[in-house]
Amino acid sequence: MGNREALLAAAKACLREKGYDRSSVRDIATAAKVSMAAIGYHYGSREALLNQALFETLDEWGDAMGRALVPDPDGSAKRHFTQLWQSLIDDFATHPDLWLASMELFMQAQRQPALRPALTAGLTQGRRGMAAILTSTPENDVPAEAVRTLGSVQLALMSGIMIQHLSDPTTAPNADEILRGLRTLTDLTH
Numbered sequence: 064m065g066n067r068e069a070l071l072a073a074a075k076a077c078l079r080e081k082g083y084d085r086s087s088v089r090d091i092a093t094a095a096k097v098s099m100a101a102i103g104y105h106y107g108s109r110e111a112l113l114n115q116a117l118f119e120t121l122d123e124w125g126d127a128m129g130r131a132l133v134p135d136p137d138g139s140a141k142r143h144f145t146q147l148w149q150s151l152i153d154d155f156a157t158h159p160d161l162w163l164a165s166m167e168l169f170m171q172a173q174r175q176p177a178l179r180p181a182l183t184a185g186l187t188q189g190r191r192g193m194a195a196i197l198t199s200t201p202e203n204d205v206p207a208e209a210v211r212t213l214g215s216v217q218l219a220l221m222s223g224i225m226i227q228h229l230s231d232p233t234t235a236p237n238a239d240e241i242l243r244g245l246r247t248l249t250d251l252t253h
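Sequential numbering from 64 applies to the sequence shown in this note's numbering.
Careful, some of the hints might be misleading.
Unchecked claim - No farther apart than 20 Å at their CA atoms in a straight line, the calculated lysine to any residue pairs in the SDA-like style are these:
#: 1; residue 1: Lys81; residue 2: Ala94
#: 2; residue 1: Lys141; residue 2: Ile152
#: 3; residue 1: Lys96; residue 2: Leu121
#: 4; residue 1: Lys141; residue 2: Gly244
#: 5; residue 1: Lys141; residue 2: Leu197
#: 6; residue 1: Lys96; residue 2: Ser108
Source of the hints: derived by calculation from the structure; they are not laboratory data.
Can you make the complete structure from the sequences, with help from the hints?
Next comes the structure, spelled out in structure tokens:
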């Protein structure tokens, strides 16, 4: 592994252990066993390195989630949706560091306007991925309308549920409660 790859791996580890704001140049360089100057040489700045590390980590998570949630051909939509939510909730509990770092990314984008295009691209990819998982459609075949509606609503719901689970997992809704809540909302609009 070269210095560039070691720095990226170290940045991913620091994001998980310390979060975005508390991961220093020294922390990352020490974990990578390289000089602090290597960060500037390979990435330009601490922020650029952390941004890449976080985007790659979220992308890896999305790929793993997509592979894990392939429904069986005989499975019901309800079971598939419940499985999706149970997997997400389990992941919030297992990797709170990843989700906290993703929330920090949104705050960083407010302070670093140059970060917004990458964040926008990531959100677009997230919407498409969620729509693909929910409709059991390959990502490249998901209609734009499904990305804009189903993907956007699922991503918004996921963000809100994530915040509840990170804040107080004992009172946050479980997968069945989420499904019942969505049914109630649907009933109210008919």
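Report task. Kindly indicate which numbered hints from before are broken by the structure, ordering the numbers from low to high. Result -> Of the numbered hints, just 3 does not hold.
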